[in-house]
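Undergrad: Throw the hints in and build the complete structure from the sequences for me.
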Amino acid sequence: MLEINVIRANPDFIKERLSVKNFAHLSLIDTALQLDEQRKQIQHKLDAALNQLNNLSKEVGAAFKAGKKDEAEALKAQTSTLKETITTLEAEAKQNEETLQDTLVQLPNLPHQSVPKGKTPDDNEVVTTWGNTPQLPKNALPHWDLASKYQLINFELGNKITGAGFPVYMGKGAQLQRALINFFLREANAAGYTEIQVPHVVNEASAYATGQLPDKEGQMYHIGLDGFYLIPTAEVPLTNLYRDEILREDELPVKVCGYTPCFRREAGSYGKDVRGLNRLHQFDKVEIVQIQHPDASYNTLEYMVRHVAGLLQQLQLPYRILRLCGGDMSFASALTYDFEVYSAAQQRWLEVSSVSNFETFQANRLKLRYKDPETKKNRLLHTLNGSALALPRIMAALLENNQTETGITIPAALHPYLSFDRIGE
RNA sequence: GGAGAGAUGGCCGAGUGGUCGAAGGCGCACGCCUGGAAAGUGUGUAUACUCCAAAAGGGUAUCGAGGGUUCGAAUCCCUCUCUCUCCGCCA
Numbered sequence: 001m002l003e004i005n006v007i008r009a010n011p012d013f014i015k016e017r018l019s020v021k022n023f024a025h026l027s028l029i030d031t032a033l034q035l036d037e038q039r040k041q042i043q044h045k046l047d048a049a050l051n052q053l054n055n056l057s058k059e060v061g062a063a064f065k066a067g068k069k070d071e072a073e074a075l076k077a078q079t080s081t082l083k084e085t086i087t088t089l090e091a092e093a094k095q096n097e098e099t100l101q102d103t104l105v106q107l108p109n110l111p112h113q114s115v116p117k118g119k120t121p122d123d124n125e126v127v128t129t130w131g132n133t134p135q136l137p138k139n140a141l142p143h144w145d146l147a148s149k150y151q152l153i154n155f156e157l158g159n160k161i162t163g164a165g166f167p168v169y170m171g172k173g174a175q176l177q178r179a180l181i182n183f184f185l186r187e188a189n190a191a192g193y194t195e196i197q198v199p200h201v202v203n204e205a206s207a208y209a210t211g212q213l214p215d216k217e218g219q220m221y222h223i224g225l226d227g228f229y230l231i232p233t234a235e236v237p238l239t240n241l242y243r244d245e246i247l248r249e250d251e252l253p254v255k256v257c258g259y260t261p262c263f264r265r266e267a268g269s270y271g272k273d274v275r276g277l278n279r280l281h282q283f284d285k286v287e288i289v290q291i292q293h294p295d296a297s298y299n300t301l302e303y304m305v306r307h308v309a310g311l312l313q314q315l316q317l318p319y320r321i322l323r324l325c326g327g328d329m330s331f332a333s334a335l336t337y338d339f340e341v342y343s344a345a346q347q348r349w350l351e352v353s354s355v356s357n358f359e360t361f362q363a364n365r366l367k368l369r370y371k372d373p374e375t376k377k378n379r380l381l382h383t384l385n386g387s388a389l390a391l392p393r394i395m396a397a398l399l400e401n402n403q404t405e406t407g408i409t410i411p412a413a414l415h416p417y418l419s420f421d422r423i424g425e
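Heads up: the first sequence begins at 1 in this note's numbering, then just goes up one per residue.
Note that these hints are calculated values from the structure, not bench results. Everything numeric in this text was worked out from a predicted model, so none of it was measured. Here a beta-carbon is modelled for each residue, glycine too, at the ideal position from N, C-alpha and C. Certain hints may be false.
In silico DSS-like links for lysine-lysine, alpha-carbon gap of 27 angstroms or less [what the hints assert, rightly or not]:
1) K94 to K367
2) K255 to K376
3) K58 to K69
4) K15 to K216
5) K216 to K94
Using C-beta positions, here's what the derived DEER-type ranges look like [to be verified]:
6) N159 to K376: 55 to 61 angstroms
7) E3 to P121: 27 to 33 angstroms
8) D244 to R8: 47 to 53 angstroms
TA: Spelled out as structure tokens, the structure:
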């Protein structure tokens, strides 16, 4: 959420930046400013009335103590109209506050200066491309066919026990999955991230603080009876660990990582885009999160991008890095790099990671701050996160890109985590 | 699931209707003391909004959350959330 005082300081700049995100409702800025002005006026009147009441109450007390009962009663009588005023003003203030909040919540984060203008994924900027497209054997198969040929993943069984989008990994498929998780976690640990196991179910306040609520309500599975949500990403619990915290400067940066399953309803997509592992309702992911000083967060973002690139290089998967254009960025992000892996048999790029700096957007909702030793003031921190990595599409690319006539070879980086180095003969 | 106890500042802890943003202690910061440190000692030490050009200073709110009683609530009443103890159940 954008801070109202930032908006107040330079509304034209805010509008200019939001238009890069193709944000259509720029008039909300003016609405917010009006409501803010109104808020001050109401608050001012209310404070004055409360002040009067406080003073009267003190006088009443003093009069009673002095034994001047009549005087006290007279003073008491004066409070009744004052109390009516207060009640009215309080109702106004509450109404105003809610409307202002509703308005602010609708404003997306400001894109960083380097974010390219654009509307669709076609406008994303390719920053780097790494690796060569593998030479596949004749009759190369897409991963869903490989998965059933070698009995690695059973999609039908998932249909039976749950529904579409819940694959069942088995045998070497399940082991490969586990190896990837271990590999990713060990790499994150080596890079200084503290491994954390978090709940996979979160409450409403957590989902709100990282920005999943209120706008992406429909994308999460909701446990109605308890008011909980299944996590769509470990970002939610990992970042909320630091909700309502005031950190010391010397505690920065905070670096945490975690493996969790992720649950997404993703209603409304059909066809080849969602075949096999391309798009699921449940998938596994290792997430890295950093909480950083505002002055250092963009260096940190680059550092996180290098970390993710290193993983893909070790897995020898050809990838490209995209700087997302304004129109393709998420609501909460200021700058996002997407990683896409080349899936050779499908001949398409698959998103496997998204690394973002949210600046103060999440921190504002989280009330996540640090104490500035110079000014002694609490300032909002910057939050960043990235997938490192999401498993299913990595699995898809590994299977497809490494297939031979007789089986699938496993990249050397995973050998320490597996009891086999090859699937098939 | 049954019975009971509790939630106060960074932490511990006092406070059962008035001058309480809240005693005291710990911690922390700065100063004094010291050759240096410890001990001792002095001062300071919440957050948000707001008034003022800014500083100084002032106002309002906040003692788990929300509502109520009252001229006045940390203190009384109601609802909710959470924590702890005992019993039951259970991986």
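Undergrad: Hint by hint, say whether it matches the structure.
TA: Hint by hint, here is what the structure shows:
| no. | hint | verdict |
| --- | --- | --- |
| 1 | K94 to K367 | 21 angstroms, holds |
| 2 | K255 to K376 | 24 angstroms, holds |
| 3 | K58 to K69 | 14 angstroms, holds |
| 4 | K15 to K216 | 23 angstroms, holds |
| 5 | K216 to K94 | 26 angstroms, holds |
| 6 | N159 to K376: 55 to 61 angstroms | 59 angstroms, holds |
| 7 | E3 to P121: 27 to 33 angstroms | 30 angstroms, holds |
| 8 | D244 to R8: 47 to 53 angstroms | 25 angstroms, violated |
In this structure, the one hint that does not hold is number 8.
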